[in-house]
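Engineer: As they're listed, the protein sequences go chains A and B.
Under our numbering, the residue at position 177 of the first sequence is numbered 167, and the numbers go up by one with no gaps.
Under our numbering, the residue at position 130 of the second sequence is numbered 120, and the numbers go up by one with no gaps.
Errors might be hidden in some of the hints.
Per label pair, the in silico range of CB-to-CB distance [what the hints assert, rightly or not]:
id, chain 1, residue 1, chain 2, residue 2, range
1, B, P61, A, P12, 37 to 43 Å
2, A, T221, B, G120, 25 to 31 Å
3, B, R76, A, A151, 28 to 34 Å
4, B, E(-2), A, G214, 50 to 56 Å
Honestly, the hints are just simulated from the structure, not real lab data.
Every residue gets a Cβ at the ideal spot worked out from N, C-alpha and C, and that includes glycine.
Residues per chain, in single letters:
Protein chains: 2
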Amino acid sequence: MSVDERREQLIAVALELFSVRPPEEVSIDDIAAAAGASRPLVYHYFPGKQALYEESLRRAGRELAGRFEEPPEGPLSERLHRVMGRYLDFVQSHGPGFAALLRGGSVAASAGTSAVIDEVRRAAHDQILGHLAIPDPSPGLRLTVRAWIANAEITSLEWLAERSVPLEELQLHLVQEFVAALVLTAAREPALGAELASFLADERPDGPTGRLVHDLAGLLAVPGITEALGTLAAPPAAPVASPPAAPVADGPSPQAAE
Amino acid sequence: MSVDERREQLIAVALELFSVRPPEEVSIDDIAAAAGASRPLVYHYFPGKQALYEESLRRAGRELAGRFEEPPEGPLSERLHRVMGRYLDFVQSHGPGFAALLRGGSVAASAGTSAVIDEVRRAAHDQILGHLAIPDPSPGLRLTVRAWIANAEITSLEWLAERSVPLEELQLHLVQEFVAALVLTAAREPALGAELASFLADERPDGPTGRLVHDLAGLLAVPGITEALGTLAAPPAAPVASPPAAPVADGPSPQAAE
């Protein structure tokens, strides 16, 4: 093996071990044994376990970020659904390492490992904003995207620990939560209304958004829900005996947010 | 000062310093100086900075968890709104320490600091489920609660870094995101429909849920949105030339999720 080949092989072997065990349970001896190399040879290439851990993380981070890439074609929710399929596949195959990395508090956590996590999050954020194709996204929209990415991370971690729902359900739910977060953001920021309309116009009844709309329509059939929403949406009645209510954002007027 | 008083004073001083600076920027000398004590005296009470850091974190964690306590009275979203006011007040006053703790990758991160974070998260989770008062909450509902807690954390962190919106807006948005997450969960789990109806029936038009309903109603007035939702909600048209569509969750039927 050439020097470069040996180095690549050690990283690949380390990544495999760090994927299935938390870093504190992987030793240089384990890596040497799995690579069919001697301990001094591993040290010849890497100053220690931490350096090898960080290098294998960087590779994993790059691979994960690569999975976020998706051609800008078809309904948005279906693009995100495909990406989440690849993401969750990664989570499943790198479970213990993914968990150890994101749970933090690991002895191997460092500025280097934080940088890898930040970079993957940034890649996800940039991909999503790219697909949304909204020029000059507002701070509120950026926050929505980041918060949803955090949601996807924590949900994946919980899933790894309990596996209480099928992975396909998780995939669909995460996409639908993104759609819901987008709707909520547009409800607060009237400037996004037109973008939301064009996003919805491209969606399909049997896609993630269509299925969400179906499920929500089903909820409206539950006794009491439509009535309660009607009461909440109605303009407040003229006060009778109580003091006048403080002015409240009153719905449709887009000026309210300007 | 008695032994106990001195110990408490050192913890209080340390907590104050760790609140305003990341742990790596606080030394035992800083703590001794702020407490008007000598370096050996600090070491007499604590084996080192890490122990003092973890003890002050435990105190902060207990204080934060205490802020989650709220009497079970009034509309749910208004209770959560009050809790979030106290939570964000804590975030604001302990900003740099809160950020260093949650960002992880800090040199001071350890099993001890992770345990504090986990305990605060568990307290938040238990409080919320207690207020929801849903007997035997499903794995999906628990996941919704945990994911929302993660959302609150990341949103607070982002806010600390950029302060791009007023804190009161963040408070309202987080509560409304919880309401939306609850609606989404009920849309997936028909067993929760009746609980959602009774939750909505208790809400008020000028509370966080009422204001969300108003904003969403406003969104329906944006040209194209009602039409797009109507198309998505309509049962798929009989296929003409294309092959028959795969069966899709078709809305109202509660059996679908059983």
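Engineer: Now tell me if each hint is right for this structure.
Structural biologist: We went through each hint and held it up to the structure:
{"no.": "1", "hint": "B:P61 to A:P12: 37 to 43 Å", "in the structure": "41 Å, holds"}
{"no.": "2", "hint": "A:T221 to B:G120: 25 to 31 Å", "in the structure": "26 Å, holds"}
{"no.": "3", "hint": "B:R76 to A:A151: 28 to 34 Å", "in the structure": "29 Å, holds"}
{"no.": "4", "hint": "B:E(-2) to A:G214: 50 to 56 Å", "in the structure": "52 Å, holds"}
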